[in-house]
Every structure is written in structure tokens, then in C-alpha cells.
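Enquirer: Produce the complete structure using the sequences and hints provided.
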Amino acid sequence: MASQATAKTADIESVRVWSGPDHTRAVFDLSAQADYKLFQLDNPPRVVIDVDAGRLKSNLDLPKNRDIKGIRYSENKERVRLVLDLNKDFKPKSFLLKPTGKYGHRLVVDLNHQQEQPHKTIEQIVSENRDVLIAIDAGHGGEDPGAIGASGTYEKEVTLKIARALEKKINAQKGMKAMVIRDGDYYIKLRDRFKKARDHRADLFVSIHADAFHSSEVNGASVYVLSQRGASSEAAKWLADSENQADSIGGVKIEDKRDMLSQVLYDLSQNAAMEESHKAGQAVYSALKNKVKLHGRGFGQAAFIVLKSPDVPSMLIETGYISNPDDEKNLKSPAHIDKLTTQITSGIQNYFYQSPPPRTWIATQSKAKKHVVQSGDTLSAIASRNGTSIDTIKSINNKNNNSVMVGEVLFLPQ
0 MASQATAKTA
10 DIESVRVWSG
20 PDHTRAVFDL
30 SAQADYKLFQ
40 LDNPPRVVID
50 VDAGRLKSNL
60 DLPKNRDIKG
70 IRYSENKERV
80 RLVLDLNKDF
90 KPKSFLLKPT
100 GKYGHRLVVD
110 LNHQQEQPHK
120 TIEQIVSENR
130 DVLIAIDAGH
140 GGEDPGAIGA
150 SGTYEKEVTL
160 KIARALEKKI
170 NAQKGMKAMV
180 IRDGDYYIKL
190 RDRFKKARDH
200 RADLFVSIHA
210 DAFHSSEVNG
220 ASVYVLSQRG
230 ASSEAAKWLA
240 DSENQADSIG
250 GVKIEDKRDM
260 LSQVLYDLSQ
270 NAAMEESHKA
280 GQAVYSALKN
290 KVKLHGRGFG
300 QAAFIVLKSP
310 DVPSMLIETG
320 YISNPDDEKN
330 LKSPAHIDKL
340 TTQITSGIQN
350 YFYQSPPPRT
360 WIATQSKAKK
370 HVVQSGDTLS
380 AIASRNGTSI
390 DTIKSINNKN
400 NNSVMVGEVL
410 FLPQ
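Residue 413 is where the sequence shown ends in numbering that gives the first Met the number 0, and the numbering goes up by one at each step.
I should point out that these hints are in silico values taken from the structure, not numbers from a laboratory.
Treat the hints loosely; a few may be bogus.
[Claimed, not checked] Calculated lysine-lysine pairs in the BS3-like style (CA-CA distance at most 27 angstroms, straight line): (1) K290 / K194; (2) K278 / K290; (3) K68 / K167; (4) K278 / K338; (5) K288 / K338; (6) K368 / K328; (7) K168 / K56; (8) K278 / K195.
Expert: Quick look at the structure:
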């Protein structure tokens, strides 16, 4: 294939490689837009890229990678030839990216794995007493670092750490199960994030972020849900605009985006999920406000692309502002992350107890006797008032300690 750019001298400055579960991406940094041709050779498998009027600015050191064995290159007056030696055959895709943010011109080569998608049986889909599934999206990743704190903390690293901690908290709750959308340092397109949640029939989509604002004084956590009409505040609009640019940084071909008809149909079908998104977001906000410093009202709406799933309730949690020194410090603190994920889990749990999906374990418990923990409650006192034991309550609720939180819902024996 060939690009349509006007030929001019383009230095090939460096190469970066990112590996995800279903693809490997090689990114070549260029000093200018360039014409190029890409083709494949077999026995052994190789991808060859000829960059017209190109020059090598320095030796290209390729990081160790499972799919690319190595890189070779040569140059003459007309072009630079880059050869990627592969471990197996791929159908590569390539495209150019224009400068954005801290990045200049780039040539992207994607090596996509050919994998069969598992098909769920009807029995699996409609099985009784299933766990509710929460899809956790760690924002940014790979080529896209997200916001960068004053001390050099990358948002993509913070969000992944929080997502993994939240996954563990959720999986410890009876009737709940979590999946992490991004479980490594690689980029996933915004719409592919909620598509993955839909493909796995998730009951809730939670996108984790730790963004920046032009003022370093802005701090605190916030919960956002989708707005079709506009942002609820200046900060909400700023954040939505910032997050929605991620694909231009992480690397997405314009042709990959949905056509207008598909987008209209998508947007029309979102109304049913938006009401549930608002309920879920409010539940998490209510849990956070008791223990975590919030930004402003702490709950807002904005047009985040990553929240535009037509049938999965979705929310975006800004866990803090990495541009604020205190927030940046907290977002690296295991104790703060534990407190944060504990409250998020509590909010999610409360939402599902209020609006349980059909045929889930939580739905079967909806008629059971329940107690909402109030200020001053202890597990011992609750057990005594309801004629049961602490061990029985702990067993029913899958608790491994005697602590309770205000607002927590406990199931009690009938």
C-alpha cells in the first residue's frame, strides 16, 4: 500500500513497539509527512516498508517483542527500506498520523492476531443466578500516556493500577465479577473499549481516569455519565474534549470510525442505558463523598465517546487530577487507592442491589431480608437485633472481617 502524501525528506527518528492481547503496534517517529509503500514477504514472514526520500537519523533499536524478531534497514538516495522480521504471518495494517500533543508525524504498523471469538450458548447467556459483570476500563495506554503529573507520573500507569485494584475488590463480592478491558501497556480505541464490554455482555462499564486541568489548583475525584446536550461544567467539557482526542494520539484511521447513519442509530438507542447510567453514577458518587475529596459537586455529565455504549450503563470516574500535586501523590499511594476502590465497589454494589439485572444472583436475593448500614451500626449489633450470628451474616455476604460501612447493604437470613 502507499500513502498519498507529497514526497519530501523525512527523517526516521525512532521506533516504539506496544503489545496488546490481540495485536502488536510498531510506531515510527518521522520528522515530516512521508510517502511510503508496505508489502509482505514469506518464508520467513517479513513486512517491508519503503519510505520515499527518507533518511535514518539514528540506529533503530527495537524493544524485545513476542511478534517481531527484529528490524533491519538500508538506505540509498531514493528511499529507506525497513524490514520487520516476524515470528509468524500477519495481515498488517498501516497508516500515517499527523502531529498532535507531544507527538510529531508518525507511521503506524499494526500486526493483528487472527483469533476466533468464543460463542456463548443460549444456556450460558440466560443461566440463572449468574454474577453481574462489571467491565473496568483503564484509560489511555501504550502510545497514549494520558495526562502527566508534575513529578512525571503517567495517567496510563495510575489508571491501570487502580483498575486492577478495583477488579480484586469487586471479585471479592458475592454475586459480582469484574473484567479489565486493558490489562497492560497498550492502546485500545475508544469505541473498541465499550464494544469489548458489550461483546462480553457486561452489566456495567466503568472507565477509570486521572486527568489534568489547566489550573494545578483543581483537585478531587468526580463521577461522570454521558450527556447528549452538553457538559455540566467547564471542567466536564475540558475533560471530555481531552479524553475524546485520545484516538488521535493513540492512533486510529479515520476510515475506522462509524459512518453517520450508524452513529445516528447508535445514539438513538442509548436512551434506555442513560437512565441506568445516571442511577449507577449517583450510587458511586454517594459512596465516594463519604470518604474521598470530591471536585465541585462531584457528579457531572459530558459527551465522552467512551461512554456511548447503546445498551450498557456506563460511567467515567476521574479519580483525581494528576496536575494537582496533592492528588498526584495520593494517586500513587496504596492506602488511598485501597480507600478509593473500596468506595467505588460499595457504590457499584448498592446500585445493583437497587436495580438488579434479571437472572442474576443479586436479583434472586432482592426479596431477601436486607439491612442498610447506618451510622453507629456494628456487625454485632445488627446480628443481635435480627436474631442471628455474626458468622452467619459474614457467610451470606461473603465478608472476611467484621467491619461495615455506612450505606452498605447486608443480606440477612429470613
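Enquirer: All hints, please: hold or fail.
Expert: Status of each hint after checking the structure:
no.: 1; hint: K290 / K194; in the structure: violated (32 angstroms)
no.: 2; hint: K278 / K290; in the structure: holds (20 angstroms)
no.: 3; hint: K68 / K167; in the structure: violated (35 angstroms)
no.: 4; hint: K278 / K338; in the structure: holds (22 angstroms)
no.: 5; hint: K288 / K338; in the structure: holds (12 angstroms)
no.: 6; hint: K368 / K328; in the structure: violated (42 angstroms)
no.: 7; hint: K168 / K56; in the structure: violated (48 angstroms)
no.: 8; hint: K278 / K195; in the structure: holds (22 angstroms)
When each numbered hint is compared with the structure, violations occur for hints 1, 3, 6, 7.
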